[in-house]
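So you can see what is in the structure, the chains are spelled out below.
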Amino acid sequence: MLGRAARAVGTRSPLPILQGVLCEVAGGTLHVTGTDTEVTIRTRLEVEVLEEGKTVIPAKLAAEAVRKLPVGAVAMHAEAGEVEITGNGPRFRLREYSVDDFPQLDVGADGPATEIDGDVLTTALAQVGVAASADEARPTLTGVLFEEEAEGLRLVATDSYRLAVKDLEGVGSPGTALVPYRALREIARSIADAKIGLRFGERDATFTSDRGSMTARVIESTFPNYRQLLPEAYPNRLVVERAALLDAIGRASLVAEDHIPVRLNLHEGGVELTVTRQEVGEETEHIEGEYAGEEMTIAFNTRYLTDGVAAVSTDDVVLQTIDPLKPGLLSGSAGMDFRYLLMPVRL
Amino acid sequence: MDAGPGRTSHFAERFLHVDMDAFYVEVERLRDPSLRGVPVVVGGLGPRGVVSSASYEARASGVHSAMPIAEARRRCPRARFVPPDHRAYAASSGEVFALLEEFTPAVERISVDEAFLDIAGLRLHFGSPAEVAVEIRAQLREHPGLPASVGAATTKFLAKLASEEAKPDGFLVVAAGRELEFLHPLPVRRLWGVGAATHAALEALAVETIGDLAALPPATLEHRLGPSVGRHLAALARGEDPRAVEVESAAKSISVEETFGTDLVGEEAIEDAMLALCARLSGRLGRVGRVGRTVTVKLRSADFTTTTRSLTRRSPVAHTPQLWDAARTLLARMPVAGGVRLLGVGVSHLETARAPRQLSMTEDGRTRVADAADRVRKRYGEDAVVPARLVAKHARRRGKPPDR
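Chains as they are written, first to last, in my numbering: chain A, 70 to 416; chain B, 13 to 416.
Read the hints as simulated data drawn from the structure, not as lab findings.
Errors might be hidden in some of the hints.
[Said to hold, decoys possible] In silico contact screen, one side only, chain B against chain A (beta carbon under 7 Å); selected entries:
#, residue
1, Arg48
2, Val50
3, Gln370
4, Ser372
5, Met373
The model shown is predicted, which means the values in this text are computed figures rather than measured ones.
The beta-carbon is built from N, C-alpha and C at its ideal position, and this holds for glycine as well.
Bound-form chain A, shown alone:
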């Protein structure tokens, strides 16, 4: 649990105190809190309490120390500016940080809350998260938009090259928030449980479970008007086996590396994938499938295409297209609850 909270601790933080995690022991529970002031993760554990109190200890070091101890009970004891961590023999004595220096965080925004099945939320986040940008220079695009739709909660992310939309039907939304994917990714790793509560406040979004909480500063800018990017109709439709397509793209990627697109020739009876790299060679293969529409060739970035196909959760994947310069739409074969819109590569 130290490690889970330590995930919120930024390595690039300018403040030394933010390299620490706050450990609070009260009422039979140990809470460990890590933060980089934008993202705060708070984990909880039932412990045998000998004495109540709190301390701030170096996050990474303490987490590693505990991990490397022999199997068995671990004891923590704070005294005179040092924290002693012992377990089955070894003894670490780590210098404490000042508890007073640790930022005061109102963990847990107020506002209406809703509860989601933990697996459903983490799966949905992983599906749309691939489309979120990692480019901190464009903060708006690093977020996942939580939005209330008539049918339920909608999650949206785009890095301007692809757009992923996931509809969670029948799930209530606590409102609208744009939450950094960097923070959301930590939910699965740190606090995921059977049920996860969502609460969006003015400046923060909080996700809670029996294992702890994650609070993230929301991105205060306007998400692109993604609805206008979603084409209304697609004249061409390909259905192929998802695993076969993923394998084929994987083979094509061997030749492609990152910047070479994979060409998809869509025709009656399936799709032919080709990758050609000037100085290396080429790979080509055919995958059987059902295709309705005009024969056409469209090219995609191999990684973006892989991300999209992998995010589909049904055995078959559906690719719908308009023309080689307009976005293609990937979805599962069972419905449109997940949509992955991908801009092609102009050859």
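Chain A is fixed; fit chain B onto it per the hints.
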């Protein structure tokens, strides 16, 4: 640097014609220095052989290209006769064009050893077209180590005449405003489009020089030569030539072919020759950055019947194995039993093999600027558009060489 009234037009002579001197011979001399200083004739040594290239020493004995090799042997018995090695010439040609394209991408390839350049884009890097000509010649001399003659003028046609006048191993700039002074004394045969028949017709009109031709009333010319030829020649005689440098990528198809000294017989010989042609074609496609979907094979059999077959691929091809694969499929459907006199392979439905670009859902202004910059670079050279802070650095690098 001139800063006066001529400033705006100091690159008026923007067309360069670069013509390698006795190209095949000079490539052979690079490989075999014993060929230097003696008459050399490169040509097919077989029964149907003709002269492909003759050194200036051999030309002095009356040997010229396209002459039967037997005749060349008679006229210049002491010449060294070398069979052509097109692979070596293609490799050297590649080096020559790569060098020219370092000056500007606006290079129009006329043949393996001849090109037009539009150097208007170099006006910031060089003081005058003459400086460009000097630099190109010096660099070709250094590597690959070949002599070239260069003509510069306000039109392509004049630039070509200028390089002919400059030969061998020289350069000539026909200054803007003095075109007719240069042009009119030249014999009328030097005009493009004046073959034997036209020449005879012009001689009947007592036209000997281009100046004589320019002095004729246009109506007379059109009457004697027909309206289109007449108008064409009259314009050339006035020094007018509106053609721009056409970079090969604008071509609709690119092909290579070879006529064999002795007819090829047998599947293996034919396939070997075709594979070599595919490799040459691939090289040419690569140089101009083109790919194509349709592959065409041309075959002329021993009895002079010519057959062509094509097939179209789903995605564009440009590499030797892809071309070879298509060509072999096509050859299998062609009559090769009686022997093959000529083979050719070409690619059409050409597309630019430009760097693929990931499209964005929100194409913004920045992308459009980058696109525009790409187009400018394509025309005027890689350095034509650089970030502002790099301008000074680039000017230094691309400017005059340090020893001048």
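Hint by hint, which ones does the structure fall short of?
1, 2
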